[in-house]
Structure formats: C-alpha cells, structure tokens
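My request is simple: use the sequences and hints to build the entire structure.
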Amino acid sequence: MKPPPFGYSRPESVADALATLARLGPDGKVLAGGQSLLPILSMRLAAPHHLVDINRLSELGYVRVEGGDVRVGALARHAQVLADLPARAAQPLLGKALRLVAHATIRNRGTTVGSIVHADPSGEMTAVLALLGGTVRVATTAGERDVPARDFFVGPLESAVQPGELAVSATFPVLPPRAGTAFVEVARRNGDYAVCGVGALVELDADGAVSSARTAYLSVSPTPLVLDLTDAIGSEPDFAAAAVAAREQVEPEPDIHASADYRRHLAGVLTERALREAHAEALERSGRD
Amino acid sequence: MTDELFDVRLVVNGAAHDVRVPARRLLSDTLRHDLQLTGTHVGCEHGVCGACTVLVGGAPMRSCLLLTVSMDGAAITTVEGLTEADGALSAVQQAFVDCHGLQCGFCTPGFLTTITAGLRANPDPTEEQARELIGGNLCRCTGYQNIVRSVLRAAELQRERAAT
Ligand SMILES: Cc1cc2nc3c(=O)[nH]c(=O)nc-3n(C[C@H](O)[C@H](O)[C@H](O)COP(=O)(O)OP(=O)(O)OC[C@H]3O[C@@H](n4cnc5c(N)ncnc54)[C@H](O)[C@@H]3O)c2cc1C
Ligand code: FES
Ligand code: FES
Chain A
1 MKPPPFGYSR
11 PESVADALAT
21 LARLGPDGKV
31 LAGGQSLLPI
41 LSMRLAAPHH
51 LVDINRLSEL
61 GYVRVEGGDV
71 RVGALARHAQ
81 VLADLPARAA
91 QPLLGKALRL
101 VAHATIRNRG
111 TTVGSIVHAD
121 PSGEMTAVLA
131 LLGGTVRVAT
141 TAGERDVPAR
151 DFFVGPLESA
161 VQPGELAVSA
171 TFPVLPPRAG
181 TAFVEVARRN
191 GDYAVCGVGA
201 LVELDADGAV
211 SSARTAYLSV
221 SPTPLVLDLT
231 DAIGSEPDFA
241 AAAVAAREQV
251 EPEPDIHASA
261 DYRRHLAGVL
271 TERALREAHA
281 EALERSGRD
Chain B
1001 MTDELFDVRL
1011 VVNGAAHDVR
1021 VPARRLLSDT
1031 LRHDLQLTGT
1041 HVGCEHGVCG
1051 ACTVLVGGAP
1061 MRSCLLLTVS
1071 MDGAAITTVE
1081 GLTEADGALS
1091 AVQQAFVDCH
1101 GLQCGFCTPG
1111 FLTTITAGLR
1121 ANPDPTEEQA
1131 RELIGGNLCR
1141 CTGYQNIVRS
1151 VLRAAELQRE
1161 RAAT
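Chains as they are written, first to last, in the working numbering: chain A, 1 to 289; chain B, 1001 to 1164.
Read the hints as simulated data drawn from the structure, not as lab findings.
Be aware that a few hints might be false.
[Stated by the list, open to error] Derived list of chain B stretches under chain A, where covered just means 3 residues or more per stretch with a C-beta under 8 Å from a C-beta of chain A:
no., stretch
1, 1002-1008
2, 1046-1059
3, 1065-1072
4, 1152-1159
[Said to hold, decoys possible] Some but not every residue of chain A turned toward chain B, in silico, with C-beta under 8 Å:
no., residue
5, Pro39
6, Asn55
7, Arg189
8, Gly191
From a predicted model like this one, the values you see are computed outputs, not experimental measurements.
All C-beta atoms, glycine included, are put in the ideal place defined by N, C-alpha and C.
Okay, structure coming up:
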C-alpha cells in the first residue's frame, strides 16, 4: 500500500502550472486534494510519471457568485464550498449535495473541481454539475475553453480534461425563481459512496404548475445520468408516475454493494422522494406553500 | 526509477522538523518512521478507516492521503500533541478514560484528533451530532456507544475546566 515512485513539481502560479503541464504532456498528472488520487496510487492502480501539485495555487481557492453562476475555483476544498453561505443561498443544491460527499475529514482536503474531473459516476458533484447544466473551464498555455457538463463526462473516471490541461474552475447556474432542489441518497454508512442517489430540480410556471422536472442519478450509469421527467410527472404533479418512468430508464450494473434490481428499486423510491422535496421547495420559493 | 529527494519542513506539535523524503512518502509514514511519532496509526492506507487522522492547521485530515512533500511548511498536530502543556490528559483524552472509549486502542488516535477538532467547531454537540462527528472513523472493538459517550463527556469536561 505504498505509491510507486514519481517525479514531483509544485508550481506557485497558474501560469507556472500550465507551463509545467505543457512540458510534461502525457507524463504529467495533476494532484489536487489527493483524496481520490492517493488511494489509486497507493493501491497501484495507476503509476503516473510526474505529479504536478496545485495546492499552492491559492489564486484558484475561491468561491464566487458572479452573474448567473456560482463559480468554484480548482483549489476550493469541498469544506470551503459547503461553508460558503452566499454560494449556498444562490444555488442551494450545492450545500445539499456537498454534505453527502464523503466525511468532513475528506472534505477538508478534497476539492470540488477535483471530484468533477475525477468523473466518478457515484460522485455527488458530478451529478450536480450535470443536473444544473454547469460548465468546467479548462486551461492550457494556449488559452482556456469552457466545456458544458453534457460534453464533460466521457466515461467512468474519464472526463474531457486532456493531458497537459488544467481545470481551473467549474460553474453552477444559480437557482431560478419558482424552482426547488433536493438531493437524497442511500449509502451503507453516512459518508460512504452512495448505492444510489438522486438529485432533483423542479421548476414551476407562474400558475404554480410544474414546467420542468429533472433528476440526476448516482451509481446507476457509467456517466452522470440526467432524466427529464416533466412529461411523466405532469402538471398534477404525479410523483409516483415519475418514479415509474425513472425505474424504466436507469441501467444499473450489479456489484459487491448491490444488485441491479435493488439499485433500480432505489432509483424509483429516491426519485419520488427527491421530486417531492424539490417540488415543496419550489412552492415555498414561489410563496405558495 | 530512483527517487529524487525533497527537503521538507514540518511543524509537528509545535516543533520544527526538517526531513528529506521522496515525493511518494506519505505523511503517515513520515510521522511514524522519519519522526518516530508512532501514535498516529495506520490501518487501511486508503482513506477509509480514519486511524491516521491528524490535524493540519487545526483541521482533521487523513495523513495516509497526504504526500509529505506537499505539506512543506504545514503545522500538524498528532495524538502526541493533544495533552495539556503540563502533560495532563486533554478533556477528550480524559473522557475516553472515564467512559471506556477504547479497547485495543488501535483506532483511538484518529478518534481523539477528530473529536478534538470537532469540539472546537461545536463545543456542545447533541448525541446525534456526536455520532455524525465520528462517522468517518472505524472501530472494530467498542461498538461506538462508549465513543459517543466520550464525545459528550469531553464536551462536559471542557466546560468544567473552562469554569475553573
Ligand atoms: C473514504 C473516502 C470516501 C469518499 N466518498 C466520496 C463520496 O461519497 N462522494 C464523492 O463524490 N467523493 C467521495 N470521495 C472522493 C472525494 O470527494 C475526493 O475529494 C474527490 O473525488 C477528488 O478531489 P481531489 O481534490 O481530492 O482530487 P485528486 O484526488 O487530487 O484528483 C482526482 C483526479 O482528478 C484529477 N484532477 C484533480 N483536479 C484537477 C484539475 N484542477 N485539473 C485537472 N485534473 C485534475 C487528478 O489528476 C486525478 O486524476 C471519497 C474519498 C475517500 C477517500
Ligand atoms: S490509514 Fe488512513 S484512513 Fe485508514
Ligand atoms: S478500540 Fe480497538 S479498534 Fe477501536
């Protein structure tokens, strides 16, 4: 359980980091909080040639509400984002999902952007980015590009970030008026990766009818799965019908933690629960509760 | 590949230490092997059990998930650094004695550091908050009940000590 040998650089600025990553090309690997990378190295599931440690890039340690987005810098730890009241007020789903990400001790070091780049289909923040339609800003020495969530997640543990690139920030659109969110999951213990989890975003029209109902899923698909359940839920709203539609559309795989059937069952139950909660919040935020 | 060595300064329990380590040296191994501070225990070495938890700038972190080289300049508190200045047991340590919060003691250093930081953030936890606080640490012996009691007793002891 010891990592294999590797080279190491610790740039002091983003420019310096990008130059180092450009020089290393496919040999370079970014080290952020290390809360996913260190276990992988210790178990020797990967053997990168050279780590580029971004923990000194304090210029990326920010959380900002700007325009219609919450922008989270690549060095903002999960705990810092979770403690940021303006960001949580602007997009309450951030707080609801982050308190389910691992344990407080892991959140003290792990970064939110790192967990998104890691692209684990059981990571809460990947699902949040996908559900809200956020973006990731990726930089090289040549410039920056913004990658929308739907193009960002390529496969399990595979994102659009290429060798030589650094993800510098991620954006999460703020919650529109007359909208509500929820995040619910089932895990073996608090803080463990979820057996299944569901994030929900419900929007109402001016008359209080459901105009949009979307859900995102943990641990039931190779990349974050987002479902549009607006038609299934109807304007009533019929939460049970939405749960049936969700059960039909998820494609879980069995593993040592749960069978595919059990995950499908959970996806239905949690869809209903998340939509009810999000709908209640949308009503409340429309002054209709 | 021969390991390049890096000079790293760590301030551990208030004392500065200079070490030369390869980039792959885990902080848990530096504490235990290079600095001979064997109070920090190592169980799983992949972030799951919490036995290796230390405080970095006061915040609990898994020392098995930190590279020593990345921690250059950091202020670290291990279980050895939790006692009072006069060597007396801290409130959290005393509470573990009072409430039988340990049996074999393997997990204890991680619990003590985690709870010490947790009670700084929330000096008067409810029983539910006490359970949540220790949710990231595994213990194979106690069944946790006495550890939850220890958290609540430590909070009480801290208040008593502050009053005197
Ligand atoms: C016991 C345990 C339980 C956990 N439970 C959960 C959980 O329930 N839910 C959850 O979501 N996560 C969980 N995690 C993972 C945690 O959230 C990690 O913090 C996160 O997955 C990775 O963030 P990091 O900053 O530590 O990234 P690192 O581990 O440093 O990096 C992860 C990967 O992303 C790449 N990377 C990171 N940042 C960048 C960047 N800015 N640019 C380019 N590439 C980058 C790295 O090269 C690496 O490939 C758990 C971890 C542990 C140890
Ligand atoms: S040894 Fe670090 S968490 Fe288990
Ligand atoms: S006291 Fe033995 S593992 Fe906790």
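Here is how each hint holds up against the structure:
1. Check on the stretch 1002-1008 of chain B: 4 of its residues sit with their Cβ under 8 Å from a Cβ of chain A, so the three-residue criterion for coverage holds.
2. Remark: the stretch 1046-1059 of chain B is confirmed as covered by chain A, as 6 of its residues place a Cβ nearer than 8 Å to a Cβ of that chain, reaching the required three.
3. Interface restraint, the stretch 1065-1072 of chain B with chain A: holds (6 residues with C-beta to C-beta distance below 8 Å; minimum three).
4. Note: the stretch 1152-1159 of chain B has 0 residues with beta-carbon separation from chain A under 8 Å; the three-residue rule is not met and the coverage is violated.
5. Restraint check, Pro39 of chain A versus chain B: the minimum CB separation of about 4 Å is within 8 Å; hint holds.
6. Hint status for Asn55 of chain A relative to chain B: holds, with the closest Cβ pair at about 6 Å, below 8 Å.
7. About 7 Å separates the beta-carbon of Arg189 of chain A from the nearest beta-carbon of chain B, less than 8 Å, and the hint is met.
8. For Gly191 of chain A, the shortest C-beta to C-beta distance to chain B is roughly 5 Å, which falls under 8 Å, so the interface hint holds.
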